[in-house]
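Please construct the entire structure, taking both the sequences and the accompanying hints into account.
These protein sequence lines map, in sequence, to chains A and B. Position one of the first sequence corresponds to residue 1 (my numbering), numbered consecutively onward. Position one of the second sequence corresponds to residue 1 (my numbering), numbered consecutively onward.
These are calculated hints, taken from the structure and not from any lab test. Just so you know, even glycine gets a beta-carbon here, dropped at the ideal spot from N, CA and C. Check before you lean on any hint, since a few could be wrong.
Not close to chain A: a few residues of chain B, all C-beta gaps over 10 angstroms, as computed [what the hints assert, rightly or not]:
hint, residue
1, L22
2, F120
3, Q155
The calculated lysine to aspartate or glutamate pairs, modelled on DMTMM-like cross-linking and capped at a C-alpha distance of 25 angstroms, are [as the list claims (entries may be wrong)]:
hint, chain 1, residue 1, chain 2, residue 2
4, B, K35, A, D174
5, A, K91, B, E125
6, B, K81, A, D137
7, B, K81, A, D7
8, B, K35, B, E151
9, B, K13, A, E139
10, A, K90, B, E29
11, B, K135, A, E93
12, B, K35, A, D193
13, B, K86, B, E29
14, A, K64, B, E149
15, B, K35, A, D116
16, A, K90, B, E125
17, B, K137, A, D7
18, B, K101, B, D136
19, B, K24, A, D62
20, B, K75, A, D62
21, B, K4, B, D156
22, B, K101, A, D193
23, B, K75, A, D193
24, B, K81, A, D62
25, B, K164, B, D48
26, B, K24, B, D136
27, A, K169, A, D193
28, A, K91, A, D193
29, B, K135, A, E86
30, B, K35, A, E74
31, A, K90, B, E151
32, B, K153, A, D116
33, B, K164, A, E93
34, B, K101, A, D62
35, A, K90, A, D101
36, A, K91, B, D136
37, B, K101, B, E125
38, B, K114, A, D7
39, A, K64, B, E151
40, B, K153, A, D174
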Amino acid sequence: MSNLRIDIASEFIGRKAFTDAEKATNSLDKAVDKLGKRLAGAFSAYKIAQFAKDSVKAFAQDQKAAAVLAKTLENVNQGYATDMVESYIKKTETLYGVLDDKLRPAFSQLVVATGDATKSQALLQTALDVSAGTGKDLESVTAALSKAYLGNTTALARLGAGLSSATLKGKSFDQIITLLNQNFTGQAATAAD
Amino acid sequence: MAVKLEGAIALRKALRKFEPDLSKEVQREMASFLKPVVREARGFLPNDGSIISNWSIKNAKETNRFPAYNFALAKRGITYKTTPSKANRRGFRALASIFNKTAGGAIYETAGRKNSNSVFVRNLEAKYPSKMVGKDKMQGRAMFRAYEENEGKAQDGVIRAIEKAARNFRGATIV
Numbered sequence: 001m002s003n004l005r006i007d008i009a010s011e012f013i014g015r016k017a018f019t020d021a022e023k024a025t026n027s028l029d030k031a032v033d034k035l036g037k038r039l040a041g042a043f044s045a046y047k048i049a050q051f052a053k054d055s056v057k058a059f060a061q062d063q064k065a066a067a068v069l070a071k072t073l074e075n076v077n078q079g080y081a082t083d084m085v086e087s088y089i090k091k092t093e094t095l096y097g098v099l100d101d102k103l104r105p106a107f108s109q110l111v112v113a114t115g116d117a118t119k120s121q122a123l124l125q126t127a128l129d130v131s132a133g134t135g136k137d138l139e140s141v142t143a144a145l146s147k148a149y150l151g152n153t154t155a156l157a158r159l160g161a162g163l164s165s166a167t168l169k170g171k172s173f174d175q176i177i178t179l180l181n182q183n184f185t186g187q188a189a190t191a192a193d
Numbered sequence: 001m002a003v004k005l006e007g008a009i010a011l012r013k014a015l016r017k018f019e020p021d022l023s024k025e026v027q028r029e030m031a032s033f034l035k036p037v038v039r040e041a042r043g044f045l046p047n048d049g050s051i052i053s054n055w056s057i058k059n060a061k062e063t064n065r066f067p068a069y070n071f072a073l074a075k076r077g078i079t080y081k082t083t084p085s086k087a088n089r090r091g092f093r094a095l096a097s098i099f100n101k102t103a104g105g106a107i108y109e110t111a112g113r114k115n116s117n118s119v120f121v122r123n124l125e126a127k128y129p130s131k132m133v134g135k136d137k138m139q140g141r142a143m144f145r146a147y148e149e150n151e152g153k154a155q156d157g158v159i160r161a162i163e164k165a166a167r168n169f170r171g172a173t174i175v
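Right, here's the structure in full:
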């Protein structure tokens with residue numbers, strides 16, 4: 001069986017002889033105590049640098065993404081909603097375990113299409129449910145919804161959300177959203193549990 | 001690359017023995033950081049209609065030795081584990097891992113690492129545009145991409161969860 005894996009954190013336990021020797025000399029308390037004392041030392045210099053670099057990079061990118069979203073909102077005359085949108089994104093991130101890195105571009109895409117922050121919030125909720133229900137990434141679902149809002153439902157039909165081109169043809173956007181909400185409501189919350 | 005910790009396995013044993021609730025809590029907390037990566041990775045997989053037609057299980061010949069791809073199986077094959085693994089040959093035990101277990105999923109993940117211009121890779125990408133992300137052995141289209149795009153948040157979260165458990169355990173056991 002193929003087995004690609006990413007080890008997030010690991011511990012060196014040594015070869016068997018070393019482990020046995022360690023077992024004989026180390027008590028449990030000592031080992032537990034060691035974790036606290038040595039955690040700082042556990043990261044090699046390279047790892048600390050890498051870790052710090054990654055954190056700084058992630059923070060800078062978060063800031064940049066927030067600024068991009070604020071600018072988008074301003075451009076579509078929804079600048080007044082920036083704080084509300086940021087708080088909504090933070091809340092959604094905690095609630096559904098979807099990273100803000102994904103939520104901001106998704107929201108941005110929706111608000112550009114709809115020109116309305118409130119409508120975009122409702123659509124993002126639908127997108128999260130559909131994404132969790134179909135297993136498609138949020139980016140694809142949001143793109144399909146934005147296109148559908150502008151009248152192009154082809155991408156939506158390809159999502160595998162149970163909507164065929166024939167079904168979509170005779171329906172308005174609001175009807176499509178109602179249908180999606182019926183089929184997928186609560187999926188994001190279930191997936192987050 | 002995995003962050004190397006010391007005492008975490010002993011801590012886990014101690015937690016299970018003396019503070020089982022805390023042990024479960026740390027598992028849950030670690031899982032909450034790994035789940036988004038897994039979910040994201042699953043989202044990058046193409047469905048059965050978006051892959052090269054003869055690679056799908058439906059069309060694969062029984063005599064084929066090349067593993068077929070099945071979306072449902074590949075999706076299920078991307079998963080996580082928050083319990084320590086067996087020691088590898090170099091003596092390391094993983095405390096938390098993310099897997100891409102199926103052969104089809106692994107092929108989709110890694111195709112093009114060595115030869116990005118092969119006929120298979122060209123056809124694969126023509127049918128379902130994807131992006132290889134990462135470097136060397138950490139390069140891939142689904143799991144590795146999701147992990148890379150997570151920017152270390154999962155790793156950070158797992159380490160913090162272990163640190164927190166160690167703190168709470170010390171707090172709970174000091175008389």
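We went through each hint and held it up to the structure:
1. Even its closest Cβ contact with chain A, about 12 angstroms, leaves L22 (chain B) beyond 10 angstroms, as expected for a residue assigned away from the interface.
2. No Cβ of chain A approaches the Cβ of F120 (chain B) within 10 angstroms, the least distance being about 16 angstroms, so the stated non-interface status holds.
3. Separation of Q155 (chain B) from chain A is inadequate, the least Cβ-Cβ distance of about 5 angstroms not exceeding the 10 angstroms criterion.
4. At most 25 angstroms may separate the alpha-carbon atoms for a hinted pair to count; K35 (chain B) and D174 (chain A) exceed this at roughly 32 angstroms.
5. Between K91 (chain A) and E125 (chain B) the CA atoms are separated by roughly 36 angstroms; this puts the pair beyond 25 angstroms, and the hint is violated.
6. In summary, the hint linking K81 (chain B) to D137 (chain A) is supported, as the alpha carbons are separated by about 22 angstroms, within the 25 angstroms threshold.
7. Between K81 (chain B) and D7 (chain A) the alpha-carbon distance is near 10 angstroms, which keeps this suggested pair within the 25 angstroms criterion.
8. Restraint check for K35 (chain B) and E151 (chain B): the C-alpha separation of about 14 angstroms stays at or below 25 angstroms, so the hint holds.
9. Our distance criterion of 25 angstroms between C-alpha atoms is broken by K13 (chain B) and E139 (chain A), whose separation comes to about 41 angstroms.
10. As the CA atoms of K90 (chain A) and E29 (chain B) are separated by approximately 19 angstroms, the hinted pair is consistent with the 25 angstroms bound.
11. A C-alpha spacing of about 28 angstroms is found between K135 (chain B) and E93 (chain A), which places the hinted pair above 25 angstroms, so the restraint is violated.
12. Of the supplied pair hints, the one linking K35 (chain B) and D193 (chain A) holds, its CA atoms being roughly 10 angstroms apart against a limit of 25 angstroms.
13. Proximity of K86 (chain B) to E29 (chain B) is assessed by CA-CA distance (about 22 angstroms); at most 25 angstroms being required, the pair is judged to hold.
14. Straight-line distance between C-alpha atoms of K64 (chain A) and E149 (chain B) comes to about 15 angstroms, which keeps the hinted pair within the 25 angstroms bound.
15. With a CA separation close to 31 angstroms, the supplied pair K35 (chain B) and D116 (chain A) exceeds the 25 angstroms bound.
16. Distance hint between K90 (chain A) and E125 (chain B) is unfulfilled; the C-alpha atoms sit about 35 angstroms from each other, more than 25 angstroms.
17. Annotation: proposed proximity of K137 (chain B) to D7 (chain A) holds, straight-line Cα distance about 12 angstroms (limit 25 angstroms).
18. Restraint check: the Cα-Cα separation between K101 (chain B) and D136 (chain B) comes to about 19 angstroms, which is no more than 25 angstroms; the hinted pair holds.
19. The hinted pair formed by K24 (chain B) and D62 (chain A) fails the criterion: a straight-line CA distance of about 31 angstroms is larger than 25 angstroms.
20. The straight-line distance between the Cα atoms of K75 (chain B) and D62 (chain A) is roughly 29 angstroms, outside the 25 angstroms bound, and the hint therefore fails.
21. Distance check on the hinted pair: K4 (chain B) and D156 (chain B) sit about 13 angstroms apart at the alpha-carbon level, within 25 angstroms; holds.
22. For the proposed pair K101 (chain B) and D193 (chain A), the alpha carbon gap of about 23 angstroms is at most 25 angstroms, so the pair holds.
23. Proposed proximity of K75 (chain B) and D193 (chain A) is supported: the alpha carbons are some 18 angstroms apart, at most 25 angstroms.
24. Proximity of K81 (chain B) to D62 (chain A) is assessed by CA-CA distance (about 28 angstroms); at most 25 angstroms being required, the pair is judged violated.
25. Simply put, K164 (chain B) and D48 (chain B) have alpha-carbon atoms about 42 angstroms apart, too far for the 25 angstroms limit, and the pair is violated.
26. Simply put, K24 (chain B) and D136 (chain B) have alpha-carbon atoms about 35 angstroms apart, too far for the 25 angstroms limit, and the pair is violated.
27. Restraint check for K169 (chain A) and D193 (chain A): not satisfied, since their Cα atoms lie roughly 35 angstroms apart, outside the 25 angstroms limit.
28. Annotation: proposed proximity of K91 (chain A) to D193 (chain A) holds, straight-line Cα distance about 15 angstroms (limit 25 angstroms).
29. Annotation: proposed proximity of K135 (chain B) to E86 (chain A) is violated, straight-line Cα distance about 33 angstroms (limit 25 angstroms).
30. A distance of roughly 34 angstroms separates the Cα atoms of K35 (chain B) and E74 (chain A); the hinted pair therefore is violated under the 25 angstroms criterion.
31. With a CA separation close to 18 angstroms, the supplied pair K90 (chain A) and E151 (chain B) stays within the 25 angstroms bound.
32. With a C-alpha separation of about 31 angstroms, the suggested pair K153 (chain B) and D116 (chain A) falls outside the 25 angstroms cut-off, and the hint is violated.
33. The suggested pairing of K164 (chain B) with E93 (chain A) holds, with an alpha-carbon distance near 22 angstroms, which does not exceed 25 angstroms.
34. About 32 angstroms separates the Cα atoms of K101 (chain B) and D62 (chain A), which puts this hinted pair outside 25 angstroms; it is violated.
35. With a C-alpha separation of about 11 angstroms, the suggested pairing of K90 (chain A) with D101 (chain A) holds against the 25 angstroms cut-off.
36. At roughly 36 angstroms between alpha-carbon atoms, K91 (chain A) and D136 (chain B) are farther apart than 25 angstroms, so this suggested pair is violated.
37. A C-alpha spacing of about 22 angstroms is found between K101 (chain B) and E125 (chain B), which places the hinted pair at or below 25 angstroms, so the restraint holds.
38. Proximity of K114 (chain B) to D7 (chain A) is assessed by CA-CA distance (about 22 angstroms); at most 25 angstroms being required, the pair is judged to hold.
39. Between the alpha carbons of K64 (chain A) and E151 (chain B) the distance comes to roughly 15 angstroms, so the proposed pair stays at or under 25 angstroms and holds.
40. Our distance criterion of 25 angstroms between C-alpha atoms is broken by K153 (chain B) and D174 (chain A), whose separation comes to about 37 angstroms.
Checked against the numbered hints given earlier, the structure breaks hints 3, 4, 5, 9, 11, 15, 16, 19, 20, 24, 25, 26, 27, 29, 30, 32, 34, 36, 40 and satisfies all the rest.
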